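A.B. asks: Below, each chain spelled out in residue letters.
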Amino acid sequence: MTKFADIFFQDYVYQQEPDGSYRFDSTKSDFALRNKNECIDTIFNVLGQIYSNIITNYKLRLTKINCDIMALDQALEKYSRDVYGELRLKARVNHLHGISSAAKKNLLKYSDYGIKIDSTAPYIHRKASVLFYWLSILKPFSIDLPKDITPATKKQLGPALEFHNEYISYILIMAALHPFGMEIRIHDKFELFKDFLYELHFRCLSRSSLEFFLHTYIERSMESN
Amino acid sequence: MGDIYKREVDLMDENLFPPSSEYRRKVNPKECISSTVVKRNVSDEDIIAAVSKKMANSLGAVLND
Numbered sequence: 000m001t002k003f004a005d006i007f008f009q010d011y012v013y014q015q016e017p018d019g020s021y022r023f024d025s026t027k028s029d030f031a032l033r034n035k036n037e038c039i040d041t042i043f044n045v046l047g048q049i050y051s052n053i054i055t056n057y058k059l060r061l062t063k064i065n066c067d068i069m070a071l072d073q074a075l076e077k078y079s080r081d082v083y084g085e086l087r088l089k090a091r092v093n094h095l096h097g098i099s100s101a102a103k104k105n106l107l108k109y110s111d112y113g114i115k116i117d118s119t120a121p122y123i124h125r126k127a128s129v130l131f132y133w134l135s136i137l138k139p140f141s142i143d144l145p146k147d148i149t150p151a152t153k154k155q156l157g158p159a160l161e162f163h164n165e166y167i168s169y170i171l172i173m174a175a176l177h178p179f180g181m182e183i184r185i186h187d188k189f190e191l192f193k194d195f196l197y198e199l200h201f202r203c204l205s206r207s208s209l210e211f212f213l214h215t216y217i218e219r220s221m222e223s224n
Numbered sequence: 000m001g002d003i004y005k006r007e008v009d010l011m012d013e014n015l016f017p018p019s020s021e022y023r024r025k026v027n028p029k030e031c032i033s034s035t036v037v038k039r040n041v042s043d044e045d046i047i048a049a050v051s052k053k054m055a056n057s058l059g060a061v062l063n064d
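Those sequence lines, one after another, are chains H and R.
Sequential numbering of the first sequence, starting at 0, is according to numbering that gives the first Met the number 0.
Sequential numbering of the second sequence, starting at 0, is according to numbering that gives the first Met the number 0.
What the hints contain is simulated information worked out from the structure, not anything from laboratory work.
Remember, it's a predicted structure, so these values are computed and weren't measured experimentally.
Heads up, some of the hints might be wrong.
[Said to hold, decoys possible] 30 Å max Cα-Cα, derived DSBU-like pairs, lysine-lysine:
1) Lys-115/H with Lys-52/R
2) Lys-108/H with Lys-52/R
3) Lys-35/H with Lys-52/R
4) Lys-38/R with Lys-77/H
5) Lys-52/R with Lys-2/H
6) Lys-38/R with Lys-35/H
Pulled out of the complex, with its shape left as it was, chain H reads as follows (with noise of 0.2 Å):
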């Protein structure tokens, strides 16, 4: 069983190393994919009990989270190209054979392919900037009330229940971030969070944006100091 810790801030794709490169597959000459079914159910395992703790503290019921799979499939893989895509290109032509290190050096002029993330080890705050840009473009996550729901639990379930796709998504990161020390400081401040998962949900904010933004509240998280 993968661990949660092994699945995020790599690449979702393909296989690896713990130093970050790649691994490949000697018969096909090419990386050696991962078990994606097996991060799935890892990640649904991981999110369903953290949401099911947070709800059962507020006394309510709905701890069930439903998800698009392909949708969610997509987004991992879409943010792996945008963060790893230089990282992918750079280990695909240093592992080419019988061509001069001349030419391996021109194929890798990264600024001439428009790659969205230059950088081949990017920020942490980037990479979660983009997963956040693909989950909530994307909206694996989705939410089926009850038809006996009353008004009183709709509000207390709050922004849990009007950005649901959003607030599930700011569990996996921050989640994502837990094995790096780090965390997103956002939900410290209740209005802010609430207009944050807003402008998430209606697709305002752009992968850059989202970087200048999420540079000021990811920090380090008490505990690892």
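Following the hints, complete the assembly by docking chain R onto the known chain H.
C.D. replies: Below, chain R without anything else, positioned relative to chain H:
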């Protein structure tokens, strides 16, 4: 050239603002946290417990009966 152009101050002018000038220095630059992050070996249970605790009040104030 018009008057407006002549009055412009070139912030990159080495004579007006040498490299040591405070106009070129960032005052109290924020520590670049993201470049030094180190991944820890954390179990799924630890992640669930820690994030559940951090997000405990994320739906607003807890309403007690």
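A.B. asks: Hint by hint, say whether it matches the structure.
C.D. replies: Quick rundown of the hints versus the structure:
1. Lys-115/H with Lys-52/R: 35 Å, violated
2. Lys-108/H with Lys-52/R: 45 Å, violated
3. Lys-35/H with Lys-52/R: Holds, at roughly 28 Å.
4. Lys-38/R with Lys-77/H: Answer holds: Lys-38/R to Lys-77/H is near 23 Å, not above 30 Å.
5. Lys-52/R with Lys-2/H: 20 Å, holds
6. Lys-38/R with Lys-35/H: The given pair, whose Cα atoms are some 21 Å apart, holds under the 30 Å limit.
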